Each structure stands twice: as structure tokens, then as C-alpha cells.
Amino acid sequence: AQRVTQPEKLLSVFKGAPVELKCNYSYSGSPELFWYVQYSRQRLQLLLRHISRESIKGFTADLNKGETSFHLKKPFAQEEDSAMYYCALRGPGGFKTIFGAGTRLFVKA
Amino acid sequence: ETGVTQSPTHLIKTRGQQVTLRCSSQSGHNTVSWYQQALGQGPQFIFQYYREEENGRGNFPPRFSGLQFPNYSSELNVNALELDDSALYLCASSQSGRAGEQYFGPGTRLTVT
Numbered sequence: 003a004q005r006v007t008q009p010e011k012l013l014s015v016f017k018g019a020p021v022e023l024k025c026n027y028s029y030s031g032s033p034e035l036f037w038y039v040q041y042s043r044q045r046l047q048l049l050l051r052h053i054s055r056e057s058i059k060g061f062t063a064d065l066n067k068g069e070t071s072f073h074l075k076k077p078f079a080q081e082e083d084s085a086m087y088y089c090a091l092r093g094p095g096g097f098k099t100i101f102g103a104g105t106r107l108f109v110k111a
Numbered sequence: 052e053t054g055v056t057q058s059p060t061h062l063i064k065t066r067g068q069q070v071t072l073r074c075s076s077q078s079g080h081n082t083v084s085w086y087q088q089a090l091g092q093g094p095q096f097i098f099q100y101y102r103e104e105e106n107g108r109g110n111f112p113p114r115f116s117g118l119q120f121p122n123y124s125s126e127l128n129v130n131a132l133e134l135d136d137s138a139l140y141l142c143a144s145s146q147s148g149r150a151g152e153q154y155f156g157p158g159t160r161l162t163v164t
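These protein sequences, in sequence, are chains A and B. Count the first sequence with my numbering and you get residues 3 to 111, in order. Count the second sequence with my numbering and you get residues 52 to 164, in order.
By construction, these hints were calculated from the structure, which means they are not laboratory data. Among the clues, some could well be false.
[To be verified] If you want the ones that stay clear, here's a sample from chain B, every Cβ over 10 Å from chain A, calculated:
#1 G79
#2 P113
#3 E126
#4 A131
[Stated by the list, open to error] Label pairs and their computed distance ranges (CB to CB):
#5 B:G67 / A:G60: 47 to 57 Å
#6 B:S116 / A:Q4: 38 to 48 Å
#7 B:N128 / A:M86: 25 to 35 Å
#8 A:K59 / B:G79: 20 to 30 Å
[Claimed, not checked] Here are a few chain A residues that sit away from chain B, every Cβ distance over 10 Å (derived from the structure):
#9 Q8
#10 K17
#11 N26
#12 G31
#13 I58
#14 P77
#15 E82
#16 S84
It should be emphasised that the depicted structure is a prediction, and the values quoted were computed from it without experimental measurement. Glycine residues also receive a C-beta, built at the ideal position from the N, C-alpha and C atoms.
Generate coordinates for the entire structure from the input sequences, incorporating the hints supplied.
Dropping the structure here:
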């Protein structure tokens, strides 16, 4: 079964501390993996995708096919990073995006 | 360039009624996907439309149906509303060939009483 699991509903860190939001997936094949973010009173937006291998707002995510994980990391959290983060997957050439339940990140001053 | 818009912002319906939600895709996008997001959950894929045809569907009953128009705007129709249909309904548009890069609308909050 295709599934995305985000084990933490809430993650609270201090400003300047490293942050890692966990994402594990179940998919038979080679999916595309994404991280979406929703800031307060804003719409859901794409943060990054694994095929781009880019760093956005200091965040990176590495696809680990052996562990079927796609954890989101940032070395130094900022207060403006406080938001809801969703991990998502999509099959190659597929139409269906499967989202995890989301992790709320709270960065304390 | 205009972003994805949805209407109405919110509405309240009674169990058994029918509802139509609307979505205008971002300029240049020909693919629209609809999602249901229950409180505390991630978005769940309902279906996708590409060039006015449904080309994929999630685990939703037939009373959830849709349309896409020549200008790529879209409607989501839900018949025989149930209490569990209460949720935020999100529309996302994308360009074919860049199917992973979806742009979301603000959503329509549906409450069924």
C-alpha cells in the first residue's frame, strides 16, 4: 500500500537549534517525494522536491531509498520557520499525490 | 499571473443535500486536482482532471464527481452529503509535464449539519 508517515504531530525547537522533520514512505517503485509547507493564514505551497536536490530557505531533504525516508532538515531553525509541514509522494508519471498527516513545527525564541 | 482561486470560501449544508465547489486554475495550467482535508489530517486525493477528462481517482465514492471546462477551471460536486464530508476542500493546478509542481488554492470549508 502507498503510504506516507510523519511520526511527529508537533515538533518544538529553540531558535538556532537544528531541526529534523521525519518522513517515511511505503511505495513499490520509485516515487517522487515532496515537502509542502503551510504558514499561518497562507495556502499550502511546495517547499522542495527530491529530484531538484536544492536547498530552499535553508532546508534540505535527502531521499534514502534503503530506509524509505525523506527527512527534512535545517541546521539552524528560525522563528519564521514555524508552520505546518507535509511530506508527500507521487508515483512516476502518476496523477495521485499522497500526503502525510503533517508535522507542526514551532520555533521558540 | 493569477493564482488558483476557489469559491465559495465556506458554506454550510444539510445532510442529504448537494454541493458544487469551484476552482479556477493558475494561468497556463491545464491540470486540476481536488483534495479533501479533514481536521488534523493531510490532504487526501479525490481526483484529477486533465484536458476536461478525469485521469485519476482516489478512494472516494461516485457521489463525488467533477468537471473541467475548456478554460481549465473545474467543479467538484458532492451529492447526498454526509456529516463526514465536513472538511476543507482544496484545489491544485499544475502544468502537464510538471505534474509534481502543484499550486494550491485557499480551499473551501464545507460544514455538513
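Against the structure, the hints come out as follows:
For G79 (chain B), the condition that its CB be more than 10 Å from all CB atoms of chain A holds, with the nearest at approximately 16 Å. Non-interface call for P113 (chain B) relative to chain A: holds, since the shortest CB-CB distance, roughly 17 Å, exceeds 10 Å. With a least CB separation of 18 Å from chain A, E126 (chain B) remains clear of the 10 Å interface cut-off, as annotated. Every beta carbon of chain A lies more than 10 Å from that of A131 (chain B), the smallest distance being close to 24 Å; the non-interface claim holds.
Range check, G67 (chain B) to G60 (chain A): about 50 Å between beta-carbon atoms, so the 47 to 57 Å window is met. Roughly 23 Å separates the CB atoms of S116 (chain B) and Q4 (chain A), a value that falls outside the hinted 38 to 48 Å. At about 28 Å, the beta-carbon gap between N128 (chain B) and M86 (chain A) stays in the expected band of 25 to 35 Å. K59 (chain A) and G79 (chain B) have their C-beta atoms about 25 Å apart, which keeps the hinted 20 to 30 Å range intact.
Not every CB of chain B is more than 10 Å from the CB of Q8 (chain A) (nearest about 8 Å), against its label as outside the interface. Look at K17 (chain A): its CB is around 26 Å from the nearest CB on chain B, clear of 10 Å, so calling it non-interface holds up. Chain B leaves N26 (chain A) outside its interface by the beta-carbon criterion, the shortest separation being 14 Å against a cut-off of 10 Å. At roughly 15 Å, the least C-beta separation between G31 (chain A) and chain B is larger than 10 Å, which holds for a residue marked as non-interface.
Chain B leaves I58 (chain A) outside its interface by the beta-carbon criterion, the shortest separation being 13 Å against a cut-off of 10 Å. Once the 10 Å rule is applied to beta carbons, P77 (chain A) is consistent with being away from chain B; the minimum gap is 26 Å. Listed as outside the interface, E82 (chain A) is consistent with that label: its C-beta sits roughly 20 Å from the nearest C-beta of chain B, beyond the 10 Å cut-off. Every Cβ of chain B is farther than 10 Å from the Cβ of S84 (chain A); the closest lies at roughly 18 Å, confirming the non-interface assignment.
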